[in-house]
Amino acid sequence: MANASDMATAAPARQAARQLNQRTLAPWLFLAPGMFMFALYVLWPIAQSITLSFYDWDGLYNQDGAFTGTFVGMGNYAELMADPAFETSLWNNLKWLILYMAALPIGLLIAIFLNQTVRGIRLYKSLFFFPFVISQVVVGLMFAWFYAPNFGLFYLLTEWMTGKGTAVLADPDLVTYGIIAAGLWPQVAYVMILYLTGLNNVAPDQIEAARLDGAKGWRMLWYVVLPQLRPATFIAVIVTVIGALRSFDLVSIMTKGGPFGESRVLSYYMFEKALGEYGFRMGYGAAIAVVLFAIMMIFISGFIWKMWRDETER
Amino acid sequence: MFPRPIQQSGTAVQWLYSIALPIALLLWLFPLLGVALTSLRPASDLAQGNYFGMPSGIAWENYVFIFTETPIGRYMLNSLWVTIPTVIGAVSLSLMTGFALAVYGFRANMVVFFMFVAGNFVPFQILMVPVRDMTLQLGMYDTWYGLALFHIAFQTGFCTLFMRNFIKALPFELIEAARVEGVAEWRIFWFIVLPLMRPAIAALSVLVFTFIWNDFFWATVLTQGVDSQPITAGLSSLNGQWIAQWHLVSAGSILAALPPVVMFFMMQKHFIAGLTLGAVK
Amino acid sequence: MVHRKTGALALMAALLMSTSAIAQDKRVVTWNADYDPIPLAAAEAMIADFEAANPEIDVQITNFDHEAYKNAIRNFLTADPPDLANWYAANRMRPFVEAGLFADISDLWASEGLTDALASSLPSMTIDGKQWGIPYTYYQWGIYFNRDAYAAAGIEAPGEAGVTWEQFLANCETFKAAGIDCLTTSSLEQWPVAGVFDYLSLRTNGYQFHSDLAAGKISWTSPEARAVFAEFAKLQPYVSEGHAAIKWQDAAALLVQGKAAHFVMGNFAVGVFKEGGMTNDNLGFMVFPEITAGVARAEEAPTDTTHLTSGAKNPDDAKKFLAYMASAEAQTKWNAAVGQLPTNKNASVDAADPFLSAGFEALSTATGGIAQFWDRDADAEYAKAGMDAFQQFLVQPDQLEAILERLEQTRLRLYPQ
Numbered sequence: 013m014a015n016a017s018d019m020a021t022a023a024p025a026r027q028a029a030r031q032l033n034q035r036t037l038a039p040w041l042f043l044a045p046g047m048f049m050f051a052l053y054v055l056w057p058i059a060q061s062i063t064l065s066f067y068d069w070d071g072l073y074n075q076d077g078a079f080t081g082t083f084v085g086m087g088n089y090a091e092l093m094a095d096p097a098f099e100t101s102l103w104n105n106l107k108w109l110i111l112y113m114a115a116l117p118i119g120l121l122i123a124i125f126l127n128q129t130v131r132g133i134r135l136y137k138s139l140f141f142f143p144f145v146i147s148q149v150v151v152g153l154m155f156a157w158f159y160a161p162n163f164g165l166f167y168l169l170t171e172w173m174t175g176k177g178t179a180v181l182a183d184p185d186l187v188t189y190g191i192i193a194a195g196l197w198p199q200v201a202y203v204m205i206l207y208l209t210g211l212n213n214v215a216p217d218q219i220e221a222a223r224l225d226g227a228k229g230w231r232m233l234w235y236v237v238l239p240q241l242r243p244a245t246f247i248a249v250i251v252t253v254i255g256a257l258r259s260f261d262l263v264s265i266m267t268k269g270g271p272f273g274e275s276r277v278l279s280y281y282m283f284e285k286a287l288g289e290y291g292f293r294m295g296y297g298a299a300i301a302v303v304l305f306a307i308m309m310i311f312i313s314g315f316i317w318k319m320w321r322d323e324t325e326r
Numbered sequence: 497m498f499p500r501p502i503q504q505s506g507t508a509v510q511w512l513y514s515i516a517l518p519i520a521l522l523l524w525l526f527p528l529l530g531v532a533l534t535s536l537r538p539a540s541d542l543a544q545g546n547y548f549g550m551p552s553g554i555a556w557e558n559y560v561f562i563f564t565e566t567p568i569g570r571y572m573l574n575s576l577w578v579t580i581p582t583v584i585g586a587v588s589l590s591l592m593t594g595f596a597l598a599v600y601g602f603r604a605n606m607v608v609f610f611m612f613v614a615g616n617f618v619p620f621q622i623l624m625v626p627v628r629d630m631t632l633q634l635g636m637y638d639t640w641y642g643l644a645l646f647h648i649a650f651q652t653g654f655c656t657l658f659m660r661n662f663i664k665a666l667p668f669e670l671i672e673a674a675r676v677e678g679v680a681e682w683r684i685f686w687f688i689v690l691p692l693m694r695p696a697i698a699a700l701s702v703l704v705f706t707f708i709w710n711d712f713f714w715a716t717v718l719t720q721g722v723d724s725q726p727i728t729a730g731l732s733s734l735n736g737q738w739i740a741q742w743h744l745v746s747a748g749s750i751l752a753a754l755p756p757v758v759m760f761f762m763m764q765k766h767f768i769a770g771l772t773l774g775a776v777k
Numbered sequence: 038m039v040h041r042k043t044g045a046l047a048l049m050a051a052l053l054m055s056t057s058a059i060a061q062d063k064r065v066v067t068w069n070a071d072y073d074p075i076p077l078a079a080a081e082a083m084i085a086d087f088e089a090a091n092p093e094i095d096v097q098i099t100n101f102d103h104e105a106y107k108n109a110i111r112n113f114l115t116a117d118p119p120d121l122a123n124w125y126a127a128n129r130m131r132p133f134v135e136a137g138l139f140a141d142i143s144d145l146w147a148s149e150g151l152t153d154a155l156a157s158s159l160p161s162m163t164i165d166g167k168q169w170g171i172p173y174t175y176y177q178w179g180i181y182f183n184r185d186a187y188a189a190a191g192i193e194a195p196g197e198a199g200v201t202w203e204q205f206l207a208n209c210e211t212f213k214a215a216g217i218d219c220l221t222t223s224s225l226e227q228w229p230v231a232g233v234f235d236y237l238s239l240r241t242n243g244y245q246f247h248s249d250l251a252a253g254k255i256s257w258t259s260p261e262a263r264a265v266f267a268e269f270a271k272l273q274p275y276v277s278e279g280h281a282a283i284k285w286q287d288a289a290a291l292l293v294q295g296k297a298a299h300f301v302m303g304n305f306a307v308g309v310f311k312e313g314g315m316t317n318d319n320l321g322f323m324v325f326p327e328i329t330a331g332v333a334r335a336e337e338a339p340t341d342t343t344h345l346t347s348g349a350k351n352p353d354d355a356k357k358f359l360a361y362m363a364s365a366e367a368q369t370k371w372n373a374a375v376g377q378l379p380t381n382k383n384a385s386v387d388a389a390d391p392f393l394s395a396g397f398e399a400l401s402t403a404t405g406g407i408a409q410f411w412d413r414d415a416d417a418e419y420a421k422a423g424m425d426a427f428q429q430f431l432v433q434p435d436q437l438e439a440i441l442e443r444l445e446q447t448r449l450r451l452y453p454q
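Residue numbers (the working numbering), protein chains in the order written: chain A, 13 to 326; chain B, 497 to 777; chain C, 38 to 454.
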């Protein structure tokens with residue numbers, strides 16, 4: 013930029029002034045439509061949701077179109093603290109977060125397995141990536157079929173091994189793990205493609221040098237390759253955390269939070285409370301959303317902090 | 497290269513690898529293959545409990561049935577009606593925001609940029625009630641444009657991040673040279689930067705297409721009924737009506753999965769370039 | 038869809054009006070409904086009959102998908118109210134009554150003598166001493182059973198009088214030994230289980246207790262509530278496994294195939310049983326057995342209703358139509374077409390349909406009272422908590438104490454003492 017302004021002063025003064033003026037105004041004109049939409053549909057609703065979480069509102073307006081909610085202060089949050097369904101959802105979210113992290117090593121493993129240059133390997137890589145391209149609704153239906161009692165393949169497998177079939181989605185202790193397994197399938201594919209790209213860019217000279225030093229296998233992976241994969245790992249962690257906390261589709265498709273709410277997660281429980289058949293407690297739903305938002309914010313701030321650092325160091 | 501190229505290993509290992517590859521792929525895609533096969537299984541097979549054995553025939557009529565007897569074609573059209581305007585809208589908006597944030601060094605630059613990035617990560621639930629309410633108030637509930645407008649706004653976050661980084665990597669000298677010539681800023685955008693953005697536009701288009709096609713949450717929140725529901729929500733409600741008819745559920749699933757898969761294969765390079773942005777330095 | 042649909046409707050209405058304006062000026066009544074194809078056809082026939090008698094009125098129905106309607110009604114009642122809207126009785130209509138979106142039609146009930154003709158539905162249509170809609174149909178719940186399954190297990194099928202509770206449980210034991218599920222149900226959708234619980238509660242402690250329980254007036258840890266769960270525990274071992282993973286139609290298939298003997302269901306399920314291949318010969322119906330001797334028999338019969346909205350543009354003609362819907366003549370015809378029961382006591386049912394006749398008989402002799410159904414008698418949130426609990430008890434009966442404790446907590450929160 014310093015360079016640019018140097019050159020600008022070399023031009024006639026009037027033109028320079030006009031250009032500068034244009035250059036302070038231009039970014040805001042370019043930003044205006046995007047920022048307007050983003051503010052209207054993202055920033056403003058966040059503020060509204062936070063406000064709404066202090067109200068009790070069933071989503072109805074009266075005949076004159078007036079808001080019918082009543083202010084309850086921290087009432088919704090106090091209720092959350094004592095709500096066993098909220099507690100279950102929170103624990104399940106934690107299970108999702110932790111187990112979803114398995115996508116990293118598995119994805120890396122598959123990436124290493126596929127990082128060869130044999131005939132047709134490109135097609136293999138694409139096909140391995142497939143699950144990520146498919147809608148989670150479809151993934152959920154596939155796994156529901158896989159787990160289905162009496163004829164589902166997984167059920168038959170357990171029946172064959174233990175003599176008694178397990179209907180995963182009907183079992184309160186297994187149901188969350190069953191859904192997480194379904195979610196891992198596309199997630200692993202995503203992580204795999206990140207690592208494949210990363211592996212492609214690992215500096216070959218360093219690998220060769222390490223090889224001459226006698227490093228191989230796990231040691232090579234741990235000390236030479238992984239450090240170079242750090243950017244890929246960073247992105248993989250971000251998308252996996254976000255994916256785990258956003259897990260709504262699979263729960264909705266596979267179990268609707270059941271049996272008796274054992275597979276609920278915050279994102280689904282919020283929907284259930286706000287828009288479900290027995291819900292329409294908008295304020296309470298908003299309070300759940302605020303908690304989920306706060307949890308997400310911890311991670312978001314971490315990412316932003318790291319990205320900010322990288323940006324300003326550049 | 498890591499791991500060591502297989503060509504440097506013995507023939508036995510190479511053999512093993514070439515056998516392991518297809519087996520691993522089969523295992524990996526097993527759920528997909530199972531569903532694809534079931535979608536072509538005659539209903540009579542399922543009724544007789546023949547879920548996994550040899551099918552008694554190939555039943556294309558399953559597909560004919562869901563197209564003629566269910567509104568699945570309508571759902572897919574609805575999806576297109578939401579997806580295509582979203583792709584156009586989000587890409588256009590983010591070209592401008594990305595340009596602004598990459599080229600101009602104004603004071604609030606970083607704050608605006610990180611606002612877009614952070615907004616991209618927020619949970620949908622915190623937006624749900626107000627966005628639904630606003631869409632209702634504007635009379636856009638259960639319309640393709642009500643859904644598309646939200647998607648455009650939300651996707652602008654991710655797209656801005658992408659575009660901004662892409663423009664940053666362009667040679668800045670081009671812009672400086674133009675400025676010395678006295679070219680107006682919007683002309684720089686239109687005639688100098690835009691022509692260089694083709695790969696970014698292609699990458700974002702396929703990505704946004706896939707994201708929006710696969711969206712289920714907002715489809716449930718902002719639409720209902722056959723007239724405007726996209727395929728994801730439509731498939732979910734059809735699944736509620738199809739009782740123990742897994743051949744139909746499977747056929748519907750395959751159809752819903754098809755467009756993004758086709759898109760992916762056609763634009764593979766761009767798709768992966770978009771997804772792995774930032775995975776390498 | 039509300040807006041698009043009303044847009045299209047307005048256009049259609051304009052077209053209709055412009056054509057009919059040539060013939061004569063018709064006054065329009067708009068009606069939003071949530072019918073499946075068969076009831077829709079019946080409703081259209083009812084409109085045709087009404088219009089024949091009132092040629093100056095034009096009733097226009099806008100039909101919604103059943104599930105979508107539950108959402109849509111919340112929007113259109115405020116944004117763009119029709120004159121009439123379908124809904125359900127009891128607590129399910131309370132939010133709309135309290136938000137002032139349904140209109141009070143007590144005057145219609147009085148002037149048409151409905152308090153007498155629709156007496157059985159009067160309590161469920163009354164809030165704050167006023168009536169808020171017209172009940173035009175209901176259907177009985179009870180036990181549907183497979184006679185072939187009885188034959189397979191070597192048990193004599195129940196006759197007209199049904200069986201005693203002890204006999205029922207003893208039969209269950211025999212069924213179990215024969216490898217047949219005594220009772221099938223689905224708790225994937227939780228409401229079928231609520232039907233079972235409702236009957237256990239009604240039979241153990243009677244209608245008033247059950248009604249109070251649903252209203253949050255009774256402690257879940259009371260001996261009476263425990264007694265209901267004690268009966269539930271006797272039934273629990275005989276319920277199909279995997280009920281938490283199947284839809285009710287899948288459970289119906291188990292009954293049809295003879296893999297299960299009984300299903301506690303509403304009469305609408307008969308269509309599904311018959312589609313699966315059952316006939317009047319092997320499909321049986323009986324009322325739920327008596328549990329506590331001497332408790333007056335109460336039955337479940339969820340009522341469907343139509344309401345005048347507060348924003349109605351043509352309330353006078355809409356009321357005329359409602360009066361017609363309440364009449365014995367209209368109800369007889371509508372319900373005959375749909376296979377449900379009229380709420381007007383002067384209406385009649387098809388004697389050739391054994392399930393309708395049995396239901397009509399069961400309901401008209403239910404001296405204990407008519408319950409609506411768990412999720413209509415109880416407030417939405419309370420109902421959901423209850424259904425979670427019933428489902429959990431069916432899966433984990435050993436968790437009874439925790440389940441009751443949690444329910445009681447919910448009750449105390451929703452209904453502070």
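By construction, these hints were calculated from the structure, which means they are not laboratory data. We treat Cβ as the ideally placed atom computed from N, Cα and C, and that holds for glycine. Any given hint might turn out to be false.
Said to hold, decoys possible - Derived DSS-like pairs: lysine-lysine, alpha-carbon spacing no greater than 25 Å straight-line:
| # | chain 1 | residue 1 | chain 2 | residue 2 |
| --- | --- | --- | --- | --- |
| 1 | A | K268 | C | K284 |
| 2 | A | K268 | C | K107 |
| 3 | C | K254 | C | K167 |
What the hints assert, rightly or not - Now the in silico label distances, taken between C-beta atoms and shown as ranges:
| # | chain 1 | residue 1 | chain 2 | residue 2 | range |
| --- | --- | --- | --- | --- | --- |
| 4 | C | A215 | A | M86 | 54 to 62 Å |
| 5 | B | V509 | A | G226 | 41 to 49 Å |
| 6 | A | I133 | C | G314 | 52 to 60 Å |
We went through each hint and held it up to the structure:
no.: 1; hint: A:K268 - C:K284; verdict: holds (12 Å)
no.: 2; hint: A:K268 - C:K107; verdict: holds (17 Å)
no.: 3; hint: C:K254 - C:K167; verdict: holds (22 Å)
no.: 4; hint: C:A215 - A:M86: 54 to 62 Å; verdict: holds (58 Å)
no.: 5; hint: B:V509 - A:G226: 41 to 49 Å; verdict: violated (20 Å)
no.: 6; hint: A:I133 - C:G314: 52 to 60 Å; verdict: holds (53 Å)
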